[in-house]
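*Asks:* Single-letter residue listing:
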Amino acid sequence: MIKDTLWTLLAVVVFPGGLFAMALGLALKGVERRAIARLQRRVGPPLVQPFYDLVKLMRKRTLIPDTANRFVFLTVPLIGLAAMGVAAAMIPIPGFYQPSPLLGDLIVLFYLVSVPAVALMLAGSASGSPYGAIGFSREMAIVLAYEGPILLSLVAVALHAGAAMGQPIALNLSDIVNYQQQHGAFLFDPWLLPAFLTYLSFIPANLGIAPFDIPEAEAEVLEGPLVEYSGPPLGLLKLTSAIKSVVVIGLGVALFFPNGPDGIAGLVVFALKCVVMVLAGALLKAAVGRMRIDQAVLFYLKWPELLGVAGLVLVAARL
Amino acid sequence: MNFFSTAAKKSPWLYRINAGSCNGCDVELATTACIPRYDVERLGCQYCGSPKHADIVLITGPLTARVKDRVLRVFDEIPDPKVTVAVGICPISGGVFRESYAIEGPIDRYLPVDVNVPGCPPRPQAIIEGIAMAIEIWAKRT
Numbered sequence: 001m002i003k004d005t006l007w008t009l010l011a012v013v014v015f016p017g018g019l020f021a022m023a024l025g026l027a028l029k030g031v032e033r034r035a036i037a038r039l040q041r042r043v044g045p046p047l048v049q050p051f052y053d054l055v056k057l058m059r060k061r062t063l064i065p066d067t068a069n070r071f072v073f074l075t076v077p078l079i080g081l082a083a084m085g086v087a088a089a090m091i092p093i094p095g096f097y098q099p100s101p102l103l104g105d106l107i108v109l110f111y112l113v114s115v116p117a118v119a120l121m122l123a124g125s126a127s128g129s130p131y132g133a134i135g136f137s138r139e140m141a142i143v144l145a146y147e148g149p150i151l152l153s154l155v156a157v158a159l160h161a162g163a164a165m166g167q168p169i170a171l172n173l174s175d176i177v178n179y180q181q182q183h184g185a186f187l188f189d190p191w192l193l194p195a196f197l198t199y200l201s202f203i204p205a206n207l208g209i210a211p212f213d214i215p216e217a218e219a220e221v222l223e224g225p226l227v228e229y230s231g232p233p234l235g236l237l238k239l240t241s242a243i244k245s246v247v248v249i250g251l252g253v254a255l256f257f258p259n260g261p262d263g264i265a266g267l268v269v270f271a272l273k274c275v276v277m278v279l280a281g282a283l284l285k286a287a288v289g290r291m292r293i294d295q296a297v298l299f300y301l302k303w304p305e306l307l308g309v310a311g312l313v314l315v316a317a318r319l
Numbered sequence: 001m002n003f004f005s006t007a008a009k010k011s012p013w014l015y016r017i018n019a020g021s022c023n024g025c026d027v028e029l030a031t032t033a034c035i036p037r038y039d040v041e042r043l044g045c046q047y048c049g050s051p052k053h054a055d056i057v058l059i060t061g062p063l064t065a066r067v068k069d070r071v072l073r074v075f076d077e078i079p080d081p082k083v084t085v086a087v088g089i090c091p092i093s094g095g096v097f098r099e100s101y102a103i104e105g106p107i108d109r110y111l112p113v114d115v116n117v118p119g120c121p122p123r124p125q126a127i128i129e130g131i132a133m134a135i136e137i138w139a140k141r142t
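These protein sequence lines are chains A and B, in that order. Using our numbering, you'd call the opening residue of the first sequence number 1 and step up by one each time. Using our numbering, you'd call the opening residue of the second sequence number 1 and step up by one each time.
Just chain A, same shape as in the assembly:
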């Protein structure tokens, strides 16, 4: 029991949560910035630039505005980071790492993935800045819009995997991964195509990739909730968003395409899948402008929601 607890703690703090997820997430950010630079025909920053930025922010002074709620303002970045550390430890790395069942199942993971958005909302509203308040309301609107489709997509996959394994519903992510490694990836299953597309459409909104980077728009609301942050708390918020990209892409890999070799090669293949997704995100980011918040909310309530419902109906019809 104690040994299990210690291993779980190690998974949350060092690998694959905590330090490993931080390193991978920051490296992915570096790849993204470099890829955008190359798409714009320039050299771009070095790949390790996000690490430099983080170290720089950790050495700067922290300013707290008079109008801010001091306690919430300073604790919220820690809450987001902690949630993401645990969530990263719950993502299986196919062929290399299986999360301990002590950490929880798909439902817990779903809630943990939305914690950073809540943390960002709290950060914006606690900072006492009008830009923060606008960022807060935009973040809330877009979270309400994309949370429905992503839940439909997760339930569709869980029902499908459960039916295939003879259970009512499969909520254990390791089981879903193991099933796909034996019977082929869900990505190539036409019945799950709507669920996959729903998940794909959720990624840019959750990770703040254009055209859905509305809550943190630099040009309109000066990065919204982050506007009053400086120094180490800002660094933690940036770190949280870096880990979130690993968690969200890693969850997608686990749900739809976990196939790969065993051992260290499995880890490398997992990282490569993440890089491919980040490159696709960079292409999107470099190619399109930013939507208005009402357009984005309407988009999510129309198409991904429709796809999500269609995916769930398709899966349920075969039960």
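If you're looking for bench data, these hints aren't it; they were derived computationally from the structure. Computed from a predicted structure; not experimentally measured. Where a beta carbon is used, it is the ideal one built from N, C-alpha and C, also for glycine. Careful, some of the hints might be misleading.
[Stated by the list, open to error] Computed spacing ranges between beta-carbons, pair by pair: (1) B/Glu-77 - A/Gln-295: 30 to 38 Å; (2) B/Phe-3 - A/Ala-164: 18 to 26 Å; (3) B/Thr-6 - A/Ala-141: 36 to 44 Å; (4) B/Glu-99 - A/Leu-19: 55 to 63 Å; (5) A/Val-43 - B/Phe-3: 23 to 31 Å; (6) B/Thr-6 - A/Pro-190: 29 to 37 Å; (7) B/Tyr-110 - A/Arg-290: 32 to 40 Å; (8) A/Ala-287 - B/Leu-72: 40 to 48 Å; (9) A/Gln-295 - B/Tyr-101: 31 to 39 Å; (10) B/Asp-76 - A/Leu-200: 43 to 51 Å; (11) A/Leu-19 - B/Glu-136: 27 to 35 Å.
[Said to hold, decoys possible] Not everything, but these chain B residues come out facing chain A in the computed CB check (under 7 Å): (12) Phe-4; (13) Ser-11; (14) Asn-23; (15) Gly-24; (16) Asp-39; (17) Glu-41.
[Said to hold, decoys possible] Partial pick of chain B residues on the chain A-facing surface, computed with a CB cut under 8 Å: (18) Ala-8; (19) Lys-10; (20) Arg-42; (21) Gly-44; (22) Ser-50; (23) Lys-52; (24) His-53; (25) Thr-142.
For this one, chain A is given, so just place chain B on it according to the hints.
*Replies:* For chain B alone, kept in the frame of chain A given last:
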């Protein structure tokens, strides 16, 4: 600690204050020197919207009487350590607005200026050279 200071000096984030400029330098600065074509990002720079994220502050304009208090307030919101670059001739001497009743400048009466980039307006290459010099100073300060 040495490793951390070398890492920190590679990440100077830029912020721009308009102290009553005629907008000529702002065009050269924000929409020419800071756009992808000239790629200040390869120096590690990132253009940020909030003064609280900034490390290097670029000031344009002769510091008019109306804008003086606001400029000083925004300048104080930039967390230390920071480096100041005065872009254009106006912050240095007042330029064509020199000795006007509406001008409180030159700007180094009120703010510590580290780098001057003269010109009316300066060329984008000159502004980028000024940023590169500011990074040298920033490396000593961080």
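*Asks:* Hint by hint, which ones does this structure get wrong, listed from lowest number up?
*Replies:* As far as the earlier hints go, 2, 6, 9, 14, 15 are violated by this structure, in ascending order.
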